[in-house]
Each structure stands twice: as structure tokens, then as C-alpha cells.
Amino acid sequence: MLTLPAFEWLRPANLDDALAHLANHAAESLVVAGGTDAVPNLKHRLHEPRWIVHLGRLDELRFVRESEGALSIGPLVTLSAIARHEGIRRDFPSLARAASLVASPQIRNMGTLGGNLCLDTRCTYYNQTYFWRDALGFCLKKDGVRCHVVPQGRRCVAAHSSDVSPVLISLDASVDISNARGSRTVPVDEFFVGDGVHNNVLVPGELVTRVTIPAASRGLRAAYQKLRPRAAIDFPMLSVAFAARVSDGGCEHARLVVSALGAKPRRIGGLDALVKGRPLDDALGEALAEAAYRQCRPLTNVAYDDAYRHEMVPVFVRRAVREAGGIA
Amino acid sequence: MSPRRAKVAVIHAPSSVGVSVHRVEGVDKVTGAARYLDDLVVPGVLHGRTVRSVVPRGRIRRVTLDPAFDWKGVVVADHRDIPGENVVALIANDQPLLAVDEVRHAEEPILLVAHENPERAEAARLAVKVEIEPLEAVLTVEDALARRALVHGDDNVFKEIVIARGDLERGFSDADLVIEGEYRSGHQEQLYIENNAMLAERTRDGGLFVRGSLQCPYYVHRALERMFALPAGKVRVLQTVTGGGFGGKEEYPSMIGGHAALLAWKSGRPVKIVYDRLEDIAATTKRHPAVSRLRAGVMRDGTLTALDFDLVMDGGAYETLTAVVLSRGAIHAAGPYRWPNVRIRARGVATNTPPNGAFRGFGAPQTQFALECHMDRIAAALGMDAVELRHRNAVRIGDVTPTGQVLKESVGARQVLERVAARSKWSAARREIERANAAAEVAERSARTVNGGRRLRRGLGVSLVYHGAGFTGSGEVRLASLAAMDLDRDGHPRVRVANTEIGQGTTTMFAQLAAEALRVPAEFVRIEDPDTGSVPDSGPTVASRTCMVVGGLVAECATAMRERLELFAERPIKGANDFAHVARRYLAARGALRIERRYRRPPGIEWDDASYRGDAYGVFSYASCAIEVEVDLDTCETRVVHVQTAQDIGKAIHPVLAAGQIEGGTLQGLGWALLEELRWKEGRVWNHQLTNYIIPTSADAPPIEVEIVEIPYSHGPHGAKGVGELPMDAPAPAVVAAIAHATGVAVSEIPVTPERLRRALREAGR
Numbered sequence: 001m002l003t004l005p006a007f008e009w010l011r012p013a014n015l016d017d018a019l020a021h022l023a024n025h026a027a028e029s030l031v032v033a034g035g036t037d038a039v040p041n042l043k044h045r046l047h048e049p050r051w052i053v054h055l056g057r058l059d060e061l062r063f064v065r066e067s068e069g070a071l072s073i074g075p076l077v078t079l080s081a082i083a084r085h086e087g088i089r090r091d092f093p094s095l096a097r098a099a100s101l102v103a104s105p106q107i108r109n110m111g112t113l114g115g116n117l118c119l120d121t122r123c124t125y126y127n128q129t130y131f132w133r134d135a136l137g138f139c140l141k142k143d144g145v146r147c148h149v150v151p152q153g154r155r156c157v158a159a160h161s162s163d164v165s166p167v168l169i170s171l172d173a174s175v176d177i178s179n180a181r182g183s184r185t186v187p188v189d190e191f192f193v194g195d196g197v198h199n200n201v202l203v204p205g206e207l208v209t210r211v212t213i214p215a216a217s218r219g220l221r222a223a224y225q226k227l228r229p230r231a232a233i234d235f236p237m238l239s240v241a242f243a244a245r246v247s248d249g250g251c252e253h254a255r256l257v258v259s260a261l262g263a264k265p266r267r268i269g270g271l272d273a274l275v276k277g278r279p280l281d282d283a284l285g286e287a288l289a290e291a292a293y294r295q296c297r298p299l300t301n302v303a304y305d306d307a308y309r310h311e312m313v314p315v316f317v318r319r320a321v322r323e324a325g326g327i328a
Numbered sequence: 001m002s003p004r005r006a007k008v009a010v011i012h013a014p015s016s017v018g019v020s021v022h023r024v025e026g027v028d029k030v031t032g033a034a035r036y037l038d039d040l041v042v043p044g045v046l047h048g049r050t051v052r053s054v055v056p057r058g059r060i061r062r063v064t065l066d067p068a069f070d071w072k073g074v075v076v077a078d079h080r081d082i083p084g085e086n087v088v089a090l091i092a093n094d095q096p097l098l099a100v101d102e103v104r105h106a107e108e109p110i111l112l113v114a115h116e117n118p119e120r121a122e123a124a125r126l127a128v129k130v131e132i133e134p135l136e137a138v139l140t141v142e143d144a145l146a147r148r149a150l151v152h153g154d155d156n157v158f159k160e161i162v163i164a165r166g167d168l169e170r171g172f173s174d175a176d177l178v179i180e181g182e183y184r185s186g187h188q189e190q191l192y193i194e195n196n197a198m199l200a201e202r203t204r205d206g207g208l209f210v211r212g213s214l215q216c217p218y219y220v221h222r223a224l225e226r227m228f229a230l231p232a233g234k235v236r237v238l239q240t241v242t243g244g245g246f247g248g249k250e251e252y253p254s255m256i257g258g259h260a261a262l263l264a265w266k267s268g269r270p271v272k273i274v275y276d277r278l279e280d281i282a283a284t285t286k287r288h289p290a291v292s293r294l295r296a297g298v299m300r301d302g303t304l305t306a307l308d309f310d311l312v313m314d315g316g317a318y319e320t321l322t323a324v325v326l327s328r329g330a331i332h333a334a335g336p337y338r339w340p341n342v343r344i345r346a347r348g349v350a351t352n353t354p355p356n357g358a359f360r361g362f363g364a365p366q367t368q369f370a371l372e373c374h375m376d377r378i379a380a381a382l383g384m385d386a387v388e389l390r391h392r393n394a395v396r397i398g399d400v401t402p403t404g405q406v407l408k409e410s411v412g413a414r415q416v417l418e419r420v421a422a423r424s425k426w427s428a429a430r431r432e433i434e435r436a437n438a439a440a441e442v443a444e445r446s447a448r449t450v451n452g453g454r455r456l457r458r459g460l461g462v463s464l465v466y467h468g469a470g471f472t473g474s475g476e477v478r479l480a481s482l483a484a485m486d487l488d489r490d491g492h493p494r495v496r497v498a499n500t501e502i503g504q505g506t507t508t509m510f511a512q513l514a515a516e517a518l519r520v521p522a523e524f525v526r527i528e529d530p531d532t533g534s535v536p537d538s539g540p541t542v543a544s545r546t547c548m549v550v551g552g553l554v555a556e557c558a559t560a561m562r563e564r565l566e567l568f569a570e571r572p573i574k575g576a577n578d579f580a581h582v583a584r585r586y587l588a589a590r591g592a593l594r595i596e597r598r599y600r601r602p603p604g605i606e607w608d609d610a611s612y613r614g615d616a617y618g619v620f621s622y623a624s625c626a627i628e629v630e631v632d633l634d635t636c637e638t639r640v641v642h643v644q645t646a647q648d649i650g651k652a653i654h655p656v657l658a659a660g661q662i663e664g665g666t667l668q669g670l671g672w673a674l675l676e677e678l679r680w681k682e683g684r685v686w687n688h689q690l691t692n693y694i695i696p697t698s699a700d701a702p703p704i705e706v707e708i709v710e711i712p713y714s715h716g717p718h719g720a721k722g723v724g725e726l727p728m729d730a731p732a733p734a735v736v737a738a739i740a741h742a743t744g745v746a747v748s749e750i751p752v753t754p755e756r757l758r759r760a761l762r763e764a765g766r
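Chains as they are written, first to last, in this note's numbering: chain S, 1 to 328; chain F, 1 to 766.
Calculated directly from the structure, the hints in this document are not laboratory data.
Here the structure is a predicted model, which means the values were calculated and not measured.
Check the hints yourself; a few may be wrong.
List time: in silico BS3-like cross-link candidates among lysine-lysine, alpha-carbon distance up to 30 Å [claimed, not checked]:
id	chain 1	residue 1	chain 2	residue 2
1	F	K129	F	K681
2	S	K43	F	K29
3	F	K574	S	K43
4	F	K72	F	K129
5	S	K43	F	K234
6	F	K681	F	K159
7	F	K234	F	K266
8	F	K29	F	K266
9	S	K43	F	K159
10	F	K266	F	K129
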């Protein structure tokens, strides 16, 4: 059977203790909250840490707070808590919906917002056992130097597979990041980088301590659409988050994020000129779908046909726009 | 005492058969008390690991144990350590326990290691370096037939079967229309909840005691005799609580049991081998992929005149069960229909992929999938309703199958079809769906919004299949199954059979059949664990034979036992207490009482292996499905909305368990139809995880309405026929038919993934 590697188990009592440990040992530590992604990856030897730092006792990172219209969520809040939180469902339904579409009820009860945000990227050639990866030749995401998806590629193209992050980008959310010396705030839109080996800006020693959706994002018309092969369990084959400010004069601005194709969510560019002053209708959906189709290029990084996933981009953009617009 | 209890008390020895009594082993499973193999704690146990080939075909040049690794405490065994024959005995006996100088498929076992620490055992496995000179591999049926490389004999064909009846040329000349088609289905993994697991110990008397998760204790027993050159009495095989089989634990436990036993033999320590999911999916048996080419003749009025069926199955690298899977597939290829002129040619070919093996249905789902898809093409070509075409041609009593078998009794083909048509309101539902689809199309053309902007279409499809119960041909005669019943000291009857509970309810069913004949409650009857040290060989738990064949023997044993005890008591026995009382008196006065019954061929059943003619099975069970789907034309996703099924199984001994078999088999069939696809990379399975080899979840399961039709079979206990495999045959073609109804495009390959359906719709210009 697949066994866990040997490791030391740390359960810091508070954030300061956690950061103090990471200040010295980040490179040899794996931070775990719900563990729903980390545990299988450990069994595949995708991580071989000396320490597992379990954040379960950090109650200070478990909160949902409103302040001057902004909504702050602690990274340890579980996905099921987000999915059923009345305020989130009312004010940011696309986030509640994304959380509700992760995996299965049991996994959502364990999995956290921070864990889903910092979810490791996924690839056909990476999410395999050590033995399998060894036999094929290790890839550049782990232990090797070449990419099996893009043979000439120098950068890892493993797929970003988080459900919540495209939504958070569409809502212009930001994350607070702390280390032992202090903290900084980064828009979620700038949190991810296009390198599947390590696809976010966290440097060793840092933890996400808060996710904030600004007051300005209240009242957006927002939606989340996910393509997956089954009605439960599966990571997205494709995901689309959309949010628009709509007034009597039509759309003021909009954000459209397409994800699960590459190492970071892709924010579709040139939207402002496209949406300004137009009603949120099927014609606009069609225009956005076309723009997204042109800007996205799926790879064979997951087990599904890349041409099919590409064709689904406009379909799911249209659906997201309809959902956001409340078009029956 | 409550009135309700008083009422129960006056029911004298309530009938067991046909009543859904509590499952014998249900409480243990639900409470977690049941101990599966990996739960067993054995002092001094070593954990075994298997070093496998990573290439599909090659010559083993060198095996090196990494000198930098600490080999202390590691037991290493290879083919030279096998005391007897290096073979996993089955039918053709061509599969080695461990490779010698060549490997014929990826994941083929080459060497074994064991250590008391599972981590060290795993590290040792990785410290074995195997150098293999790769040879050109044959990975598909097409490559095998084209002899891209010769991997078996001079044609890569393990087995060819031809079944012919009537005059094919005449049949085609009688036809108004001749329809051709080709249909494909791929590998399918059984995906039992409990992975394969075996535990072996060397006994003090120089023998072997092997326990494990398995279907057929005597298969493992006989394989061990050959591998270790031991007499039968020195080998003991016990089935532990088993978390599902579906055929996947029919033959492969002999391999794993042999590996564990070899390590135990060499080390003198108990050895456990428990596969994880990845190893289990990558290395063990799958459903045979099949390619079927059909040519059918039909008259304008829908009368079938001729069928020419060419079947090729991918057997994998060793023959193992391919000949018999092929045989069942070929015999079922013409379906439950009257074909006056038939020719079925079936070939099982060799490829350099892991051997394919037993899986619920055993070849029949593959051929009937093709045939049923073809029936829909015929109906479409004739402009005839799919139910009407099937009804017109469905077999009835007196009809003759392609092997020349006259169907003498219990032929429920038309009844199950009629029930499904009625319950699904077939004609009205089809018309209603067509109206709704047309309306949706019109609305979409005029840019009106329906279905929330989704281009959804519904479709309703039907299928009709049959499944022979018991071993094919003279198989049951050769098996000559023996069942026994004796008395415990406290006067309880004990059933002794080798047939296994693998989740389907076997023990409960045996208890009911025995109880009915003994006129005692089912829970009064004890069922001995399937242990070759204490039960006779009543044959394997396969082929939908356990209830019909072995259950019949158990009922005969019980009847004989009651008669013996009543003769002794000189009066009828009334209920459990009285039974125990008489039984104890008998034991005191006369000593042990053991009743045995051996299978006898029912009169009038004849089979000729040489000519492949005669009664292939004692009887067939029949099933029909009507399946409604919803297809999203934008995403090409198919959602199963509803399943309506009627299945003629002779008699449901335990209606809840029988319906459970039908529901589970139906869902497994839906997975095969829509989701389950093995993906290969250079001869190796790479989607060997539950994240990427996907089966339906409970959220994907549609409502499945089951109607059990009971047309009794005179040689089955209380009329029972087989139920285990039948449900697997029906769903896939009904799904394909429903998708065709929804989209106008008939796909010819399963699984119908969105990607595949999208290509088919594109090719059809939709």
C-alpha cells in the first residue's frame, strides 16, 4: 500500500509559533490545514518534508468578519462553512457556489479556504507515484528537468485546480500574507504566477492569514461555472468566474477569469472596452466568449482532451454571463 | 408482550424463500466488526512487495540488488525459488508466477521482496534494478491481427471459435435490407472497494495456509499445489471477509497468493501482500476490450433473416481465461432473438498488455452491446420502433439458439420487454420527448431562451439481453460440484460449501434455501467459512451459478437432512427448537450426520465441446432496460435521467438482495457506457487512481426502478436462475440508443465521453 513518508508532526498553538518555526525551517516543512490535498501528495512522495506543520489549533485564522463593507475570511474556514455561510451566500454567491462545488461533502468539511487557494497544481505526469514518475523520467515540477507536456518547455504547465481562486480574482479580493517579520497584502490577481512548480508568490516562511473581499465588490453580478466529468469529487477540467458592475447605463466594468487550463488563472484582457455601457445579455456573453476562446490555450496537462476543453471555454463563459445576468 | 410480537409468535416456521430476511453478515460489516485481510494481525508477519516490468515486452538482461542498500532483514525471491512449477495454474497454464528471462506485459511480476517493516519493503522494491532489453510490443487488437510482432504462435490468436447455424447466404438473399456496423468497447476495471490482499503461512506439517480476499478458494488451492509440488492435503485456503470481486478476484488471487506463499516458503515467516489501488488497477485483470463487426439481414416487416458476427477480443499477454470469456461472448452474440441463419466467428488475440480476465458478464456484455446497438440501426433503417423490432424477433419457448439449443422453459424475453415498455410508457414517452426536442430546436433557432440557455435534448433507449446461468457447455459436469451439510453439537445445521460471500449476499441466500427445506428460520442455519480445510469443492463463485447450481445442492442437502431426522424421530419436525432437540438426540444416538449432494446434469441437457453445439446453458435469464438520458449539445455531456428495468431471474430468493444486484450491476453498466476508460502510455496504465479512473458517484446515480419477473426454471431452487451478471449486459446499449434518440447520432464506441460524443456529432455535421 502507499504509505506516508516519515515526518515530525507539529501543531503550533498560535500563529506566532507557526511563523517562528517556518522562519527557520520553511524549506523542510509542509504546511497542512485540512490535509485533503497534502495527504495523497505525500503518499506519492510529491512532498518529502521533515516537518508537517498542522494549523488546526490556530483558531485566530478561523473567522468570517465584516468591516466597513469589506468581508474578511480566515484561511482556516472550511469550504463547507463558506458554502453555507448566510452572509457569503447573500453577498458573494459565486464564492459560496465555488466552495460548494469542491470535491465531496467530506472533503469540503476538512478542506479550507486557504488550502484551496494554495492548492498544488496538477498534472498527468506529476500526480503519480514515485515509482511511476521514476520509470517515465522525472518531470521538471518534481525531481527532474524536462516537461513531458511541452517537451521543449522550460516552465511547468501543471494546471491550477482551485475552485475558489478564479472567483476571488473576479471579486478583486486580496490576501494578507505574514511571516515572522511582518505582513504584506497582495491582490489575489497578483498572488499566482505562471509557473506550475510553485504557482504563487509565497516565499518560504510565509503563510496566508486572511482573505479580504473589498466593499467595492458588493453588488457585483457574479457567477462561477465549473466543468467536471462527474457530479462530485472531480477537480475542474475548466472553470470560469465572472463578475460585472451593472447599472442603469449597462456594464461599467467586468472581470472574467478562466482557470484549470494552465499554471495560473487567466484573467481575460481587454474587457473594459468590450463591456462598457452594454447590457449584460447574450450578445455580450457571445463577445466575451469569443475573447476568452482566443486568449486561452489548453494543454494536455490533465487527463482530458485539450481541444475539447478549448471548445468548452466559450460555452462556459456564456453560461457564466447568463448566470451573472440572471438570464433565465 | 406487544401484540405485534404475539402475532409473529403464532407464525409457524415462516417461509424464508422470497422474504428479505436480515443479511447474515450485515451487522458485522456495518459495525466494523468484520475483519478484512489487512485487519488481521499476525505475529512476525512480513510485508511483501512485487518488482514489476516497466516495459510491455522485452528480455530481462540483468537483475541487480543495489549494493548501497541495506538488505538486512529483506527476503528476496525469484523464479528459481519456486519449488514446483513456475505457473499460475488455470486453463492453458501459460502464465508464470514470476518472469524468467522475458516479460510479456508491463507490470509483469519479476521478483519479490519482503520485510517486517512495510516502509523497508517498499524501499527494497525500489532498490532492485531490472535491466530489460525492450522488444517491439503489440498493444492493440489491430496490431495483433496485423502481426506487427509475433507474441503468440504464428498469428497472435489464442483461440478461435466459430458457431454456425442455418444457411447464411440464403439468409442474406432472403433479406430486403442488409445492415453493417462495427462496435467497440474498452477495458473496464472491476474496482471492488477492497483491493487484492493475501496472507500466506508455512504450516508445521510442511504445507501452506493461505488466506485472502478472493472468490474461488479451490482455484487458489489447486494453483498452490502446482507451484509448491504439494499434495492437496498439505494446502489450505481460506476466504477472509471480502470487499467485492465482480470477477476481479476469480483468477488473480492465485497469483498474489502464490507470491505471498513463495515469500513465506523461503522465509518461514507469515507474509502479507496487500495491493494499493494503483498497483491493483495497473497490474490486475480487466474486462476484455472487444471489436465487433456485424452484418445483419432483415425483411421489410422486421423479420431477422441472417447475422454474420465477427468478434475480436484482446486477451492481453497470457491466455488465462480468454478462451472461456470469448466462448461466453460468442454464444451470447446473437442475443435473445430468432436468427434462422447465423455465423459467429470469435477470436481472442494476444497483446503485450496485462492479461484481461473475468469481469461480471464475462464477454456477454461486449457482444450484446454490439448486437443491441445493431438492432437499433436495423430499426432505424426499417423505420420501425425499437421495441417492436425486438418484440417481433424475441425468443420464445421452442426457439433455437445459434448453438442449436432449444429453449424449453423459462423464457422471459418478451415479458421483460413488455414490462419495461409498459412501465416506461415507451411509445408515449418517446413521442413526448421528440415533441420537446423539436420545440427546443425551434426555440433555439428563433433565439428564444429555453432550458436556461442550455441546448438540452432528451432521449429514451431500450435494450433486451439474456445471460446463461452457470458454466458454459459441459463446464458444470466437469466441475461436479459437491455441497455438504452436517450438524453442530448443539443441533444447528451447518452448510459446507466453497462459495464465497463477496457482497452479493451468498451466505444469506444459502441460509434461506437451507432454512426453507429444514422448515426453520434462516438465522438458525450456520454457514461454514469457505475454507478448503473444511468445505468440499462446490466450485467457484462465478458465472451466476452460485444460487442456481450450488443453492440447489444446498436445498437438496437440507431436504435430505430433514428427512433423515424425521425418520429418526418418527414424526415431523416443527421449528428450530424441535429441530435442535431432534438433532442432538440423533448425534447422541447415531453420531455425526453429514449429507452430501453432487451436481448432476439435468435430464435433456447435452453439449458437444468438439462441435460447439448443444445446450450451452441449462437456462437463460432475461433483462430489458429503458434508459432516459439528457444530452447537453454544447458540452456533449450525457446525464442519465432515469432507468426502468425488468429482469426475469426465475425466482428472487431474497428480493432486496436480488434488486441490489440489479441496481449495482446497472450502475456498473452505466459507468462502462459513459465514464470508465483506461488510458495507456507505452503499454502502461497511467490513470490507475480513483481521481482519474472514474466511476459513477452516488451523485451520478439515476433513479433505477427494478421489476423482478419470476418465470421459474424447473432445475433451479424454487425456480431460481442467475442474477449476478445479467444486469451488466443491458445498460450500455440502451444508453447509446437514448443518446441516438436525443441527438440523431448513433455512436459505436463506449464509453461515450463528452469528447467522443463531440467528435461523433461533428462528423455527423451537427
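Against the structure, the hints come out as follows:
1. K129(F) - K681(F): Satisfied, since the Cα-Cα distance of roughly 21 Å is no more than 30 Å.
2. K43(S) - K29(F): holds (27 Å)
3. K574(F) - K43(S): violated (59 Å)
4. K72(F) - K129(F): Within the cut-off at roughly 17 Å; holds.
5. K43(S) - K234(F): Since the Cα atoms of K43(S) and K234(F) sit roughly 40 Å apart, the hinted pair is violated (cutoff 30 Å).
6. K681(F) - K159(F): Between K681(F) and K159(F) the Cα gap is close to 27 Å, so the pair holds against 30 Å.
7. K234(F) - K266(F): Distance of about 17 Å is within 30 Å: holds.
8. K29(F) - K266(F): violated (35 Å)
9. K43(S) - K159(F): violated (42 Å)
10. K266(F) - K129(F): Holds. K266(F) to K129(F) sits at ~21 Å (cutoff 30 Å).
The earlier numbered hints that this structure contradicts are 3, 5, 8, 9.
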